[in-house]
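*Asks:* Residue numbers (my numbering), protein chains in the order written: chain A, 16 to 280; chain B, 571 to 758.
There may be inaccurate statements among the hints.
[Claimed, not checked] Some chain B residues near chain A, calculated using beta-carbon distances under 8 Å:
hint, residue
1, His598
2, Asp613
3, Tyr619
4, Leu620
5, Ala675
6, Val706
7, Cys725
8, Gly728
9, Arg731
10, Leu745
What the hints contain is simulated information worked out from the structure, not anything from laboratory work.
Glycine included, each C-beta is placed from N, C-alpha and C at the ideal position.
Each chain, written out:
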Amino acid sequence: MGFEGGHYDDELQEMLDGRLSARERSAVEAHVAGCGRCHGQLEAFRSARQAARDAEIPPAPASLESGVLALLKAERSARERPGRRTAGVLGRPAWIGAAAALVLVAGVLAMLWRPGLAAAVREDYALYRAGEVALDLVTGDPARLQAYFAKSGVEFPTRVLDLGMMKYRLIGGRTGTVRGRASAFFVYRHEDGHVVVCQMYPGNLDELGSAGARREHDGIPFRVYGQGGVTLVFWPEGGVMCVLAGEGDPERVIQLAFAKAMNVA
Amino acid sequence: MDLGAEPARNAVPADFEAVALPFMRALHGTALRLTRRPEDARDLVQETYLRACRTFDGFTPGTNARAWLFTILYSVFVNGYRRRQRQPAQVPWHEIEERFARAAAMDAENTQLAGPPAAAVESALARLPEDFRLAVLMVDVNDLSYEEAAAALGCPLGTVRSRLFRARKLLYLHLREHARGLGYPTGG
Numbered sequence: 016m017g018f019e020g021g022h023y024d025d026e027l028q029e030m031l032d033g034r035l036s037a038r039e040r041s042a043v044e045a046h047v048a049g050c051g052r053c054h055g056q057l058e059a060f061r062s063a064r065q066a067a068r069d070a071e072i073p074p075a076p077a078s079l080e081s082g083v084l085a086l087l088k089a090e091r092s093a094r095e096r097p098g099r100r101t102a103g104v105l106g107r108p109a110w111i112g113a114a115a116a117l118v119l120v121a122g123v124l125a126m127l128w129r130p131g132l133a134a135a136v137r138e139d140y141a142l143y144r145a146g147e148v149a150l151d152l153v154t155g156d157p158a159r160l161q162a163y164f165a166k167s168g169v170e171f172p173t174r175v176l177d178l179g180m181m182k183y184r185l186i187g188g189r190t191g192t193v194r195g196r197a198s199a200f201f202v203y204r205h206e207d208g209h210v211v212v213c214q215m216y217p218g219n220l221d222e223l224g225s226a227g228a229r230r231e232h233d234g235i236p237f238r239v240y241g242q243g244g245v246t247l248v249f250w251p252e253g254g255v256m257c258v259l260a261g262e263g264d265p266e267r268v269i270q271l272a273f274a275k276a277m278n279v280a
Numbered sequence: 571m572d573l574g575a576e577p578a579r580n581a582v583p584a585d586f587e588a589v590a591l592p593f594m595r596a597l598h599g600t601a602l603r604l605t606r607r608p609e610d611a612r613d614l615v616q617e618t619y620l621r622a623c624r625t626f627d628g629f630t631p632g633t634n635a636r637a638w639l640f641t642i643l644y645s646v647f648v649n650g651y652r653r654r655q656r657q658p659a660q661v662p663w664h665e666i667e668e669r670f671a672r673a674a675a676m677d678a679e680n681t682q683l684a685g686p687p688a689a690a691v692e693s694a695l696a697r698l699p700e701d702f703r704l705a706v707l708m709v710d711v712n713d714l715s716y717e718e719a720a721a722a723l724g725c726p727l728g729t730v731r732s733r734l735f736r737a738r739k740l741l742y743l744h745l746r747e748h749a750r751g752l753g754y755p756t757g758g
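Put together the whole structure using the sequences plus the hints.
*Replies:* Here it is, written out as structure tokens:
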């Protein structure tokens, strides 16, 4: 409690919000009753607070509820399958093990699909870097990780390269999702500590929309995004989208993507 | 090191929907006021529910589900939907404080801002710096306690109090500008 300059300040708000003790409240009320300045400010706070409390909350679109319900149904279906694997503290499951689940997921995806893939990939990168997402398999062996993805039900061909020539060492990987789509997620670390995350998921370049810088290398089209200091480089490999995410010099991430990309057109 | 497979966890608890779905409208309204884009708001809410579903085991029945869901919503928002790199709000607080004190003193003798139109409130909320808007959305619009808002936003309780204090002053000034624009008799 403060009473600087003969007036109350944040105590007025605290009183409005019912956060003062009875004794404190009595003191403030007694003062406000005889102080035009504090009375005016109390009423101003009350007006602003009431306006915000009365702010209309628009109804959620009906399609949102159906989308959420379908998503939960897909999640339940994946969880009820035996042998489900989990990844990371988020409990993101490897719900990609069975064709039936995939069909269900595909149906959900049609509802979920929105622009913002880059944001989703960036979030995954940030979560991994924040230590909030663990890897299912920690290994420096690309073949072993590819086998793990195949065994975990990733139904598209994954291509985990040895980037030792570029001085990047494979750390490991996990199955995940990109906006609900099954993904293979794997991580490399350069000997200088630079980390890049690669994800592969079913999709195509057109779904990214028109945003992002366009690059081309060896006949392969690339789409480059910068989000919050993270560079994201997308490119297609057949019906699979690959994306590399990393911080630092954007060109470093781009050049690594150029080295990793394979023209399968 | 092969972390291997974990045993299958329980299925999605049937009561997850009962606990979480009643807050869809509140979550969506807040998502809309944060992202300002309907498609992003929709994605944000869906990802919030998916994450909530997957962490429902950690939710304690009987505790505030609204606060729990808003904590998740804010986390998803910060990590994936914030449009620009986070920067501290650059607000001339000294000037704001003076304007607020002057306006409140004048208005006390005239008309208070009773029942401003919804569009004016939306506009005033949208003009608040994001950190301050979040404090108002959590505490005033969604009725979280200071403690719950602090937990949801990952900041100290004093920070919530301070942001709310300033946000309400700004909100008042914005609404007052609107009222004056319409010719309502506010002082000054």
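*Asks:* With reference to the structure, classify each hint as holding or not holding.
*Replies:* Each hint, compared with the structure:
1. His598: holds (4 Å)
2. Asp613: holds (5 Å)
3. Tyr619: Holds - the Cβ of tyrosine 619(B) comes within 8 Å of chain A, reaching about 5 Å at its closest.
4. Leu620: It holds, given that the least Cβ distance between leucine 620(B) and chain A is near 6 Å, below 8 Å.
5. Ala675: holds (5 Å)
6. Val706: holds (5 Å)
7. Cys725: violated (17 Å)
8. Gly728: violated (10 Å)
9. Arg731: holds (7 Å)
10. Leu745: Holds, about 6 Å.
The structure is inconsistent with the numbered hints 7, 8, although it conforms to all the rest.
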